Each structure stands twice: as structure tokens, then as C-alpha cells.
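> Residues per chain, in single letters:
Protein chains: 4
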Amino acid sequence: MNILEKYKTVRSRSEYICAPLKTEDYVVQPVVDVSPPKWHLGHTTWFFETFILMPNAPGYTEFDPQYNFVFNSYYESVGARVIRTDRGNLSRPSVEEVMKYRRHVDTAMEKFLSSPMEEDLEALMILGLNHEEQHQELLYTDIKYILGHNPLMPPYDPGRKSAVTAASKARWVSVPEGIYSIGHHGKGFCFDNELGRHQVYLAPYAISSAPVSNAEYLEFINAGGYTDFRYWHAEGWDWVKTNHITAPMYWYLIDDNWQQYTWSGLQPLEQDAPVCHVSYYEAAAYAAWKGLRLPTEFEWEAAADHFPWGQRWEWTESAYLPYPGFQKAPGAIGEYNGKFMVNQMVLRGGSEVTPPEHSRKTYRNFFHAPLRWQFTGIRLAKS
Amino acid sequence: MNILEKYKTVRSRSEYICAPLKTEDYVVQPVVDVSPPKWHLGHTTWFFETFILMPNAPGYTEFDPQYNFVFNSYYESVGARVIRTDRGNLSRPSVEEVMKYRRHVDTAMEKFLSSPMEEDLEALMILGLNHEEQHQELLYTDIKYILGHNPLMPPYDPGRKSAVTAASKARWVSVPEGIYSIGHHGKGFCFDNELGRHQVYLAPYAISSAPVSNAEYLEFINAGGYTDFRYWHAEGWDWVKTNHITAPMYWYLIDDNWQQYTWSGLQPLEQDAPVCHVSYYEAAAYAAWKGLRLPTEFEWEAAADHFPWGQRWEWTESAYLPYPGFQKAPGAIGEYNGKFMVNQMVLRGGSEVTPPEHSRKTYRNFFHAPLRWQFTGIRLAKS
Amino acid sequence: MNILEKYKTVRSRSEYICAPLKTEDYVVQPVVDVSPPKWHLGHTTWFFETFILMPNAPGYTEFDPQYNFVFNSYYESVGARVIRTDRGNLSRPSVEEVMKYRRHVDTAMEKFLSSPMEEDLEALMILGLNHEEQHQELLYTDIKYILGHNPLMPPYDPGRKSAVTAASKARWVSVPEGIYSIGHHGKGFCFDNELGRHQVYLAPYAISSAPVSNAEYLEFINAGGYTDFRYWHAEGWDWVKTNHITAPMYWYLIDDNWQQYTWSGLQPLEQDAPVCHVSYYEAAAYAAWKGLRLPTEFEWEAAADHFPWGQRWEWTESAYLPYPGFQKAPGAIGEYNGKFMVNQMVLRGGSEVTPPEHSRKTYRNFFHAPLRWQFTGIRLAKS
Amino acid sequence: MNILEKYKTVRSRSEYICAPLKTEDYVVQPVVDVSPPKWHLGHTTWFFETFILMPNAPGYTEFDPQYNFVFNSYYESVGARVIRTDRGNLSRPSVEEVMKYRRHVDTAMEKFLSSPMEEDLEALMILGLNHEEQHQELLYTDIKYILGHNPLMPPYDPGRKSAVTAASKARWVSVPEGIYSIGHHGKGFCFDNELGRHQVYLAPYAISSAPVSNAEYLEFINAGGYTDFRYWHAEGWDWVKTNHITAPMYWYLIDDNWQQYTWSGLQPLEQDAPVCHVSYYEAAAYAAWKGLRLPTEFEWEAAADHFPWGQRWEWTESAYLPYPGFQKAPGAIGEYNGKFMVNQMVLRGGSEVTPPEHSRKTYRNFFHAPLRWQFTGIRLAKS
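If you're matching them up, the sequences are chains A, B, C and D in order. Just so we're aligned, residue 1 is where the first sequence starts under my numbering, counting upward by one. Just so we're aligned, residue 1 is where the second sequence starts under my numbering, counting upward by one. Just so we're aligned, residue 1 is where the third sequence starts under my numbering, counting upward by one. Just so we're aligned, residue 1 is where the fourth sequence starts under my numbering, counting upward by one.
Quick caveat, the hints were computed from the structure, so don't treat them as lab data. As the structure is a prediction and not an experimental result, all values here were calculated from the model. There are no misleading hints in this set.
Computed footprint of chain D on chain C; a stretch qualifies when at least three of its residues, placed anywhere within it, have a C-beta under 8 Å from a C-beta of chain D:
(1) 24 to 36
(2) 63 to 70
(3) 92 to 98
(4) 151 to 160
Each computed DMTMM-like pair below joins lysine to aspartate or glutamate, with the alpha-carbon atoms no more than 25 Å apart:
(5) C:382 - B:192
(6) B:328 - C:235
(7) C:22 - D:97
(8) D:382 - D:228
(9) C:241 - D:86
(10) A:22 - B:97
(11) D:361 - D:133
(12) C:290 - B:192
(13) C:22 - D:64
(14) D:6 - D:192
(15) B:100 - A:157
(16) C:328 - B:235
(17) B:290 - C:192
(18) A:22 - B:62
(19) D:361 - D:122
(20) A:241 - D:33
Across the chosen pairs, the derived CB separations fall in these ranges:
(21) A:64 - B:173: 46 to 56 Å
(22) B:257 - A:69: 14 to 24 Å
(23) D:254 - B:173: 51 to 61 Å
(24) B:110 - A:6: 54 to 64 Å
(25) D:329 - A:382: 17 to 27 Å
(26) C:383 - B:12: 39 to 49 Å
(27) A:197 - D:227: 30 to 40 Å
(28) D:65 - A:238: 20 to 30 Å
(29) B:253 - A:32: 24 to 34 Å
(30) A:158 - B:15: 29 to 39 Å
Idealized CB from N, CA, C, for every residue including glycine.
Start from the sequences, fold in the hints, and give me the full structure.
Below, the structure is given as C-alpha cells:
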């Protein structure tokens, strides 16, 4: 696929994801981590306008100079921004105006992409497309949050079945001691945080071939896992008590039956599906209760060819830190990843809502330990 | 006008107020005091469904039992409610569904109102209509807040002029010492907080025939009124410093010119218009700076036949407390006013967005001292 | 008593109140409303140093210029202050240093008071003495809070009995309709908020001759008063639920017996004593449950010669507002009362820890509606 | 030294550290991270009473059963505790009572330690002594905070000089690629988080022989380091702006001269001393500004024999995570370290207030990224 076709594909997929929404669903921000869908649609557009068209497309007319203020997310280099908690207060620009903005930028981009471009600029283009794909995953997770926390629990798509099949029977994959190479190599696209391929010594370990299932996680709940501090980090235990956590997000115990909010509304819990929407604290507590542990991101990557993955983002026991040779890119693009490298945990794998290009074995996803609105699950390891 | 016609008039006016909005504008709640317009439209409908149709209209089918949870505001007697700060997180029911809800209830109400009803029920009907009219004023003030705090500052109606004419030249209206009767009498509708007509002794006083103008208030600003603690209540001074208050709400100093957000967008400040969108703290500080004071609500009412009013709600120096003979009504209706009678200040008069029936001289409006998104102004008095 | 003797009497009483304390008890500030006892001792001394000695006593040497920063409470005219929530973080000046400060100022004051002074200055002296007496009441209430909220519940004075005798049998005192004069008159000292004696018209009413007793208040608790929203102001109900309030402050239900923290530690609840340590919300809810109401401050004052009072501060249904002729004094002294005249309720009477001079029938005490660490009780009225 | 002598030495050192304090200094808790000195003295005593005497010393009489509630810190296994933010509200037990508590426990311990004991118990004894030594460092840092944040800035010891000598001229220590062994080995005491000696592959790197000096850090300040977001983590930048950070803790720019609060009060900044009291955010921002980075904890340990250290705790780029073979001990002792292994950064080395036994090269100290009341500094590395 050439870059113009790739551009069209990515751009139309964002709008496809939003197609089942009502206009009102595009607007709200129920918690700070969730952004309004129309903000995602505007922000990804702003990226192309600001970093590609404005500096490189002669004669391009900015759609609206005020949009920089509205749709910048966190690029400190590029001017003031609407602070994150305020996004849900903005009724304007309307969805229709955001769609016009997309049309305006798409028209200019399609013209721009018809001519060849320099390598640097192409790299930036590819980053922009990967950026929009990241927001596509957020569109799914944020839409699920918006609908799933509405007291009416409307379905996203009444007929949609989960793409996730039953977890296979777990066995232990043994990995011998050795020095393993970690990080991206080869020609394909990767993010800066995957670069700096380097060697890591690993002691012998075993990693489960299958993620933890809902049925297995229910045993933890039924054994009193949420009421016994011994399995929890100190701040995990505070989180459980402060927020009255008793189960994964979207689980409801109704008349003694566990139900789960899904794309098609409230449904009985699927016992064999991999557990989903758990925090790092819950993943670590479950592992402690089993007398096991989570894998490090290095153990995960070294073994990833030996088990299936991609159904759930898998919490690792690794903090999100720079690889030894990590270098920030200069300018605004340099803000992409490095500045988040403190107080977050790495997740590996990918989920049912991850665009295919974002499910490579060197991909480093990262979130704060208490967050669980992403499609996050658990894989166990042992020394 | 009979009660059916009255019903139709009131109901259609709510929708007329919202006509210039885009769908997205119906959804957001930028601060806790402001409610989403679609919530106002649903809540006023819920009132008629819950208090009139459900108990009195045989065969009426409830539109959706979950709506009680969504549209109850604060009637503790009538079940759980969406807590106030969450209203802006609800994308559903959609505007279209709320409009269907209105149609459903209106159809049943119009049938119901075609037959004669008992006196008690008619009183409740009239309360319901007055209730919706109160929300009409809130619709205006909340819409102004939603649009006026959007960084794009969209107009509500580009061609709309303010209904407020220039303040006339102020003179002092002297009122002699005496015993005055305060509170509602006669046959027309009033709220329970106006009842218990009673006598109040007033020492001689004078009250200004005109509200304070923008030009006069600017003198206070230019004299450093917002930086001199001596004019302020202690908690007013904290409010000024914590919130960096330097002018009334919606005022902006742009290139040394004062501008004001209005129904038609940002406009130059009208010097002769009565000052608007000030808090009680600001009203009291302005009066202190002038060496004068605000009138009590009794002084205001006793003199109200001797000056024009109704352009701005006027802060008084009276706290919102029960009149001597105040009685709560039994049941949920009894929650209407009495439970708010602590820590609020009384406002008298009415504003450009007050429905005509809510501008009588015994009407007691009330808000917390720091609030100013209502159309609030200042009238001075002296002993 | 001449002013020098009066000075010595007042000053030594403050230290007498603190005599049973350990050094550590002088330091802590468990909640923002409570101040450390050593702060009271320093602040009252700072008043005399700042307002009497510094401007009027030639040759007086300031004890320590930094103390103005530490011991100023809220006089904005007199420089920066330690913000209120920080008082409990200050281990220095030590109690010993504060006592030296008192000695230093007392020596200078006693010399200064040996010579005659002008009338204005004498008025300021008398204000300073009344100011220290107000802080004596706060010393008692704050000490009770500090000890009574310590998990060890140490007694203040193991042998001390409460000074409060059993409430007498209540009867209704009827007061006829009429115009009554309210406010201070005559020659004795009063605060500025009592001045502006003025006429108030009162409809006929009755007021109870005795305060509500613990036994009567227990009936309210046992009848579910704290779990029925109908008796409460909306913000009172929020206060009950947010703070899990189920009884007056210092009441504990231990093994099904009500106990109360007192000056001599935990003791069985005295059934006949007047109820104490209730908030305005509780007082108003109790009255609503009885189908009665609280008196206004005017009704209280007009009837005060006809029943005993002074055991408990009595919440009234009056907000703390200026009397018609209220005038702020010029300068820092003008900050004494006027700036608090919003969002507080008036209490009348006096308590077992009120200095005798602060229990006159025109005295206007005031606190915020949720506060109850003062010795506050309830008297009922009806129209 | 036998264990009885060791016990006496450790216990008396805690009291020696507190000797210069006034009684009031023992009581306050200005921020949540700082504990009142008397709490440290009681808590370390509670450890010996609870874990050694109560289960092992027949006939031992508990000093006061309520002290478990007051002096437990975070051992969930051992009953309810005073929540951390409340410690500064407790005036009782008094310092004198805490000292009696220490005498009571010391007497019993000295008798108990005169007899031989089993190996398990001896291990627990040694843990208890190391625990008290950790609190000795906290005593120093908390005392410095309490006095250094008092507006009077009293010295801890007017004559005391800092023990820290000028930083030597820095040079780069080069370390070759290889597999290095990390973690404790040998017979001496260590904490559980140092165990699980394991191999780590390190790419070649260089580490500075000297910590960053005040003079060098001043260059960062003067170059605008605190106002340029590019050097900061996103949450570090929020921290700078929210807290108005412009220099290390205890630095004051007075009349254009930098001063520093020290043990002997406010003193001119020592240019050659290693910079102290910086957060992880500041350490990382300084390194980014220099185009360098912090060492990982593995790089630090592998090179620690090749440069002097121990003047400042040195922030590393490693998150505090379990070593591969980490095992929690069973019971309450198992809560010692493992439950904190999320969202903290590792520091290596030791400071002027670290007890000698706590300055070994495998020691893993850990704190949250924004904290800087410890004696924390910066050492640079590069790949």
C-alpha cells in the first residue's frame, strides 16, 4: 500500500469506529482519562495539519487558528492547550464542524501525498498514521467507558460478538538462561521507545502459554482475594478500599449471577474468555495469590514466539523506563514517549481493539498501575 | 388562559429557548451549578409524569422506568438520583429521546387536562408549570455559561440585541418609618416561601431608583476595588484571591478595551446598561466602597412600587430564611423551598430572562453568595 | 476594678485555663477550626503589643518582630500572617518562649496602665480585654477538642464536675405581639455588632423556658432522626451523610450505653443535662421533628428576662447580618466583626465556659452551621 | 559487639539525635511524609514490644494496650493504626510517657537479651535494630523539615558544621560490557529486597566519579532549567508548575544571594558541596539538560568500588521492583519491603545522616519521585 492509500485507510477507519455513535456520545468525558470521541477525531487531524501541512504544504489554509488551542493534547512546544479535564465541557466545535475539519485536512493531505516527499517527512507521516491508530484503540476504550458507565447501559452494536475466543488450556513454556536481544530491529516502523536494541541477561524461567481466564479469576474473587491485604501492594490496597473495588471493571453481580457489560450490552460472564479490564494492582495480587508472578517485559519478549498473544494487553512486572540507548527526537515529536517514562508499567501484546500494526512483539504499551479501562489481562510466570 | 392552553404555552417556550442550540450544546455541564439543557428538558417533563400522570391518570404508561433515576433532581422522597456532578457525563438519553419523552408526556397531559380536576391537583399543576418556568430561566443562564465559556465563544443568536435598556438617572426614594406588610396576598399563584404575610417594622431609609450601571461599576474597578480587602467580607476576599476575580463574569479586557460576552457574542461593554453577573460579595463590596449598603428584602418590597425593576436580579442584604408563618407542604412537594433556607442570600426583582409570571414584587429568589452566572445586579440603599 | 486590675485578672485567667495541660497539648491543631493553645496565648498578647504598646508606649521594645507573622490571626491591615491551617505545624516559638513574651508585654502594659490614658485608647484597651476573654472560651473548647479526639481520651481535670445543672421542667413563655427594642444600650462595654439599637416588630410567639435535654434529644436519635432526610436542610443532610453523623459530638455508644467525653474523661451520659455540642443543622432538624422551630435572635432577646439561660449557646434561626445602623470602625479594629457577616448563624446566651462579661442578653455570638465544638444547645419556639 | 551491646548502642543513638529538641518539636507533622519525632521513638519501641517481647518473653507486661493503635505504622497484620496524616494531631502520649515506654521496653529487652536465643529470633532482633536505624535517618530528615519550615528557622545545633566535604573534581569511570552480579552475598545483615543475587548484562558505560555540586546545579538554574519543559518528565513539569518549584528544598534567594537552611540555621550556599534535597524529577531534568543521564541501580552497584560515595543518596534511573528471586517473608515481617515495589525510584549510596550499617553498596533505598526532604543528590552517567 502506498502512503496515500495508507492515509485513506487509516483515516476512514477512525470514522468507521464512531459510526454507531449518536451525536451526544461524541461529547462527554466521564473521567479524566477518557476523552470525548470528537476530540480524538479533531486531535488526530490537528496532528497532520500542524506537523505536515502547515510547515510543508505551500498555500495550505489553516482551517481555524483557534483549533490549535482546542485539539493540542500535550505538546508543550506547540502552544497553549485546553487542559485535559476540560475537554468534556466543550460543546463546540460540533461533530459536524469536526467532520468538516477532517474533510478540509484530508483534501489537502491527499493532494500533498500525491507528490513524492523527503525521507524525514515520510517518517513523520508514518508517525502521524501510527498516532491516529493509537487513538483508534483509545476511541474503542473510551466509547466503551462512555456507554458502559451510562445508567441505561446502551449497546455499542447490539449484534456484535466479542472477537475473543476461549482461552486455550495453559501449559508452562520453559525458557533457558541466556543473553537475549530486546528491542526493535529490521526495517518496519516502530516507536522511539522500542529502539536501542540491546542485550539482557535472563535467568531460567517459565511463562504460561495462555492468559488467565474469567473462571480462574472468579476463584480469586471467591477466595476473598479483594479482602486480604497480603496479596496487594500497599497502594493497591488503598486503591481497593478507597474505590470499593470488588471485581474487574464492567463486572456486575446481579441476583447472584456475574454479568459483564460488552459491545452488545449486559451479558452473562463468559467463563472461558481471558479476564479483561483489570488494573496492574489486580494482576499482581492475582499472581501473588497463586504463588506466582508476572513476567518482566524482557521475559515476555524473549518468549513471545512460543505462545499466542494479542487478545489482551498483558501487564508486566516492568516499569516503563528508557532502554539503554534511548534518544529523544528533537522538537515536538520528541515529546512523544520519553516524557512519560516514570511511574507507569509496561504492557505487552495487544487487544481485540488494537490495530494490527500495533501488535508486534517489541511494542511497549504503558499505563498507570490503577487504570483498567483498557483491554488489559494477565499472563503468569515463575522462576 | 385555561390550564390546557397554559400548559401548551409553557411547554413550547422551553423548546423555543433551546431552538438555536446544536445537539452537542444540550449535553455538557462545565461546572456543577450549570445543568445540561437536555437535562432541564427531561427533568421538567419528569415532574409532570411523576407527580401528575403516574398517580392520577389511569392507564398512563410510564415512558421509561429508568428515567426516574436520570431526571430526578433532588427529591429525596422519590428514589435514587444521578448525583448532580454526573449530569454532564450522560450522553444518553439522547436529545431525540428526550424530545420523544416530552411528546409522550405532553400527549398524555393534554388528554388529562381536557377533563376537570380537583382543586388540590390543579394547585400541583400550577406548581409544575411554575417549576418549568423556573427552569426556563436556568436554561437561559446555563446556555449562556456553556457558550460563553467555550474558547470559540459562539453566539447564541447573532442578531439578538440585549433586551435591557440604559439605566435611568438614579435618585433616592425615601421611605418613612413604619410597619409594612410583607409577603404574598391575593389569589394569584405564589411559592410557599412567599406565604405567611406578616408585619415588619422598618426604620426610615432611602433606596436608589436605578440599578448601578456598568460605567459606575467600572469606577470601582479602576479605583482598585478588587485589590483592597477593606471593602470585602472575609470569605468574599478569599473568593477574590482564590479565583483571581478582577471583574464581573463575562467581562474581558482586550487591548485595553472592556468587552462583554453577550447573546450575540463578544461585544464592547455598554456603559449605560445596569451591571450584570456580579456575586453577592461584589455587590456588597461595591456598596461598601460607596459608603452605602444593599437594601434588605423587606426594604426592597416595601418600596418596590416606587421604582422600575426587572432588568436584573438584585442582591439584598437578607439571608434566605423562613417567614414567621412558613409551613412546609407534606410529601415531596414540601421539599421545594424550605430545605434550602440556610447559607443563601435573597434576590428580588427579575431579569431579562425571567418569565413574566416570576417577576412579582413578593417573589424571593435565592442563590449562594459567590454565584454570578445568573443575571444579577446591584441596587443601593442607605439609612 | 480599675483597668490595671482588670488587665491582670484577665491575663492570669488565660494561663489558669491552660495550667492542667502538658507542653505537647499546647502545640497541636487537629482541625482547621481549632487553634493550638499556645497560639491563643501568643495571639492575645500580640493584640496588646500591636495595638496598644507599639503606637502608644514610647520606648517600648518589640519582643520579636517575627511574631507579627506568627500571631496575627486575620487582620489584613497588619501584614502577612501564618495561614490558619499551618498553625499546628509550628513547634516554635515554644511554650516557654510564649510565656516570656507574655511576661515582656505584661510588664510593659502594667507600667503603661499606671498612667491615665485618653478615652479612645481606653476603649481600645477594653476591646483588647474582651478579645482575650473571647479567646478564653476558645481555649476551653479547643482544649476539649484536642484531648477529646485523642485516642487515649485523657481528662482535662480528673476531679472536675460539669458546672451545668439539670435542665428544669420546660414550660412555654408567651410573648405578645409588639414592637421591641433590640440591641445594646447603656454604658457598659459591647461589641460593634450589638450597636444600632433598633425596633423590631414581632408577631405573638412562645419560647420554651428550658433548653432541650439529653434525654429529649435521645428520643430524636431513637426515632431515627439522623436517617430521615425530611427533618434536615439539604446541606445539613449532605453533612450528615458525608461525615457519618449519628449523635452530638463527644457522644459514644459503647456496649449499648451512651457515654460522653467530659472534662473528667469518658462518663455516662447525664440524661437531665441540656444537650450540648450540636450543629445548627442538628438543632433545626430536632425542632422540625418536634413540629416546632428555633427562635429568631430578636424573639430570644425580647424574652430573655423571662427564662434562665447561660448554660449553652443557643442556635437561633437568624443569620448573622448587620443591624440597620451598623458601622465599621476605621482601621484594623474595624475588621473585628463586620467582615464575618455572611453565611453564619447567630447564637444567643452563653455557656459554662463563657467569661461572665460575655453573657449579656444583647451579645451576638456566631458560627457556621456545621460547627459544634462549641458548647452549643437548643431552645425551642413556636408561633 | 554482642547483641545486647548492639541493642543499647542503637537505642541510645535515637535519643541522642533528639537531644537538641524542645518538647514541642517532638509533636508536629507539617506534611504527611514527615512524622513527629516522638512517634518515631514510640514506633521503634513498639516494634520490639510487639514482635520480640509479647510473643517470646514470658511474664512480660504490655506497657499500654492502646499504644498498638498509636504506634503501629502500616503493619496491616497487627491491628488498626492511627492513619498517617493524623499523627501530628496527637499531643498524647507525651514525650515523657514515650520515654517511660522506652525505659519499660528497654529493661525487659535487656533482661531478655541476656539469655541466648534461637536463630530465627536473632534474625528478627537484627531486623528490629536495622529498623530503628532506618528511623534514625528519618529522625534527622524529619527534624530538619520541622525546624527548616518554621518561619523562625531555628538551628538544630548552632555550632554544627555539615559533615560533607567539598566534592572532588569529577572524572569519568569507564565500565566495560559484561555480566555483573547484583545483590547481597556473604554473611552480614541485609534487607530482603537486596537478596536474590543475580546476573545482569550491562553494555559499556561511564559513570562520574563525583556527585553534581551546588555550583554546577546553579548553572542549571541560571540557564532557565526550571522554566523549560523540554528537560522534564510530563509529571515532573506539572510538579514544578503546581508547586512553584525554582530551586532545591531549603534554598532561598535573599537579596540576590543564595542561602541554604542547614543544621546551624540559614547559611550562605556552599558552592563546592554536592547538591542536596532534589527530587527525582530535578535529578533527571538536570541530567537531560547536560545531555547525559542517571545511572541504573545496576550500573551504580557494578561500579561502586571505583568512586567515593555516601555523602548523598543518589537517584538512579531504576524503578523499585523485585529482584528475580525476591520472596516475601511470611507474617507481618513480610510486609517490610515488598508491598512498596511500585511507583518508587531506587536510590543508592547513603548520606551524612545514614547510620554506618546502612551504607553498603547493595543497599536499595527508595522514595517517590517528587520527594526531596531526604538528603538526595545526583550522579551522572553516559552510555
